[in-house]
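Protein chains: 2
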Amino acid sequence: MAASDTRNDGAARQQAQADAALRQVTEPESQVVRFPDNEPLQLDSGRDIAPLTIAYQTYGTLNADKSNAILICHALTGDQHVANTHPVTGKGGWWATLVGPGKPVDTDRFFVICANILGGCMGSTGPASVNPATDKPYGVDFPVITIGDMVKAQARLVDYLGIDQLFSVIGGSMGGMQALQWCARYKERVFTAMPIATAPWHTAQNIAFHEVGRQAVMADPDWQGGAYYNTKARPARGLAVARMAAHITYLSEKALQDKFGRGLQNRDAHSFSFDADFKIESYLRHQGSTFVDRFDANSYLYITRAMDYFDLEAEYGKLAAAFNGTKTQFCVVSFTSDWLYPTRDNKEIVKALNGVAANVSFVEIESDKGHDAFLLEEEVFFATVRGFLNAAAKKRGIA
Amino acid sequence: MAASDTRNDGAARQQAQADAALRQVTEPESQVVRFPDNEPLQLDSGRDIAPLTIAYQTYGTLNADKSNAILICHALTGDQHVANTHPVTGKGGWWATLVGPGKPVDTDRFFVICANILGGCMGSTGPASVNPATDKPYGVDFPVITIGDMVKAQARLVDYLGIDQLFSVIGGSMGGMQALQWCARYKERVFTAMPIATAPWHTAQNIAFHEVGRQAVMADPDWQGGAYYNTKARPARGLAVARMAAHITYLSEKALQDKFGRGLQNRDAHSFSFDADFKIESYLRHQGSTFVDRFDANSYLYITRAMDYFDLEAEYGKLAAAFNGTKTQFCVVSFTSDWLYPTRDNKEIVKALNGVAANVSFVEIESDKGHDAFLLEEEVFFATVRGFLNAAAKKRGIA
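Residue numbers (my numbering), protein chains in the order written: chain A, 1 to 399; chain B, 1 to 399.
None of these hints come from the bench; they were simulated from the model. Warning: the hint list may mix true and false statements.
The list treats identical chains as interchangeable, and a pair is accepted whether it falls inside one copy or across any two copies.
Dumping the calculated BS3-like pairs for lysine-lysine here, alpha-carbon to alpha-carbon at most 27 Å [unchecked claim]: (1) K279 / K66; (2) K232 / K327; (3) K327 / K347; (4) K232 / K187; (5) K103 / K279; (6) K279 / K394; (7) K259 / K351; (8) K347 / K254.
Turn these sequences into a full structure, and let the hints guide you.
Here is the structure:
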């Protein structure tokens, strides 16, 4: 096959994937619930969204007394496809090593739910969805949302499934923020919670990295003020730069050095050009270019904004007040080399929970893999999840 | 004054500054030496540059035996205007607190030289300079350069000034890399050296952040493959994003949190929009937009590339070999909260120097200001510079 054929094949595959991603917005390969137009979701901003659609996956079986449901909350660029093949990328689920039959989150015992978040692009209502007021995609007419709004939408889904109390809410990174927000807003509805590699608020540095990403997207002329859906262009270059910058924060310096160091990519010497001489350059470019084929740029803007607005301390006056009167059993998990949401931030959660005499355990896991450690098969982490859930299941009387 | 007048005034000021910056390329407000066309600078890439022009500033007076010259090497976005008003921004010199009469680098005693680096945009030959082969600005026809090439160009200037041996070569960040390269390539010509907040090689994470910046510039359609000089457009949006990302690495997380935290900019509540709600967002946007008015985007590409290529260990087989036989007296300085070139990297330099029994002292300075601490008035740092230079001056017999 000639090189140009390979390139054309690559471009065709890429276009096919981008098309498949766009299809998920309106026809997701997921279960879907659409709430009636006259039951809008009231947002923290004061605005409403209607209709509200939630796309979700479930695994395992809900038991008779509906006591074995686990809600998994996904991170910024995750989605509902926790433990099944991804309909766009064809890759395995993002937590397929953790969730499944016999796995730490055992779908032989538990009924696992994961919903695409409000503002996402995999079937739940988001900026790529049709705005009923205009019959066009929302774009930047989509209201700015919060982590609280995401959780409120999830609560709608949990109601719809007829579940009063979740056995557990589990999430890493932004998923952990949702878990915390669940415990703050719906105290009676959460039996246990696992906030993992997360924080009770976004710091100045967290906001700074997100702002760089947003500016990269909005600087791309193909962004077109957010109204790119019905044009041939997408702000792929800007979104790729945003992803590259963010990706650095997901790994530790040691992980980067061990994995890539100053190694050269397919060459013996510097090219004295701006080619991707170094393995790390090639890796980052790959991360950027594959991301844009599966993710909507406007969703990226809205979700990062929601994370930046997240501040449980500001919402409740003081952090401990968010958990006042909680009966939820907590297990907070952090990773030693995570510099995005370091142990220090996770300990603030533990401190606040201790301040209201909550039932909380805390595990700091030794890892040199950085923030993304929560997505990897880390033995101690997996044992922690399994042990915590098994002990709580016994207490809750789950077979 | 109406708001739109203020905006127009701002835009006019901005345009005037951008024009003033562009003038520095061909008519720098500096001393200038232009080497003849038949004396090209031979580069590490194997290519030549001719003519070579170097724009530089000097402070103080060269003594009779030419023993009191100090070369200051500037960092990525610095320039030769160390201790005088900047001709474009109108601000004070970037190291005016450190360099001047009676200051730690005392221009009453020492003759201080600082040259705009090869590849820069303040009058030394760089990608914005005219390519004699085409009579147009080089753009990406400018050869990819190295830190070694920058130092070679500086050596030309030092020759031109008739100085055999520099009393000291001092630089922070990329300036420190140049200082190290001087000591490796021109052993007999450096009496003392102060590499500050620097590293003997660029790590994977260092390269990663630079690659994000380059991709941001090159993703901007106004970059036009580097040939934007004779168009009305400049890749200002891409360069601003690059600067924003880089700026985060210049500060520590603590400095960001102390200075900005989650504070809001000119408002009491979240706007529920993509405005710069947070002080840190406003600050970064300002850093981005002011930078593009004084700096050339192609220079940014070439200089970051030179830094990424920097690896004294690879060049000499092992790091210690770079300094084999050195008689230079070294003072290596690092700052505790610098995560761009952390103490660990600076200690690698010290270790290598110890390995060849060099005369080296090492000072780690307590600061929570991050990498940029080397540009700030830090009492212990200033005392270190003063003490080191004074002791060495005595040894060298400088009055």
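Any hints this thing doesn't respect? Which numbers, in order?
1, 2, 4, 5, 6
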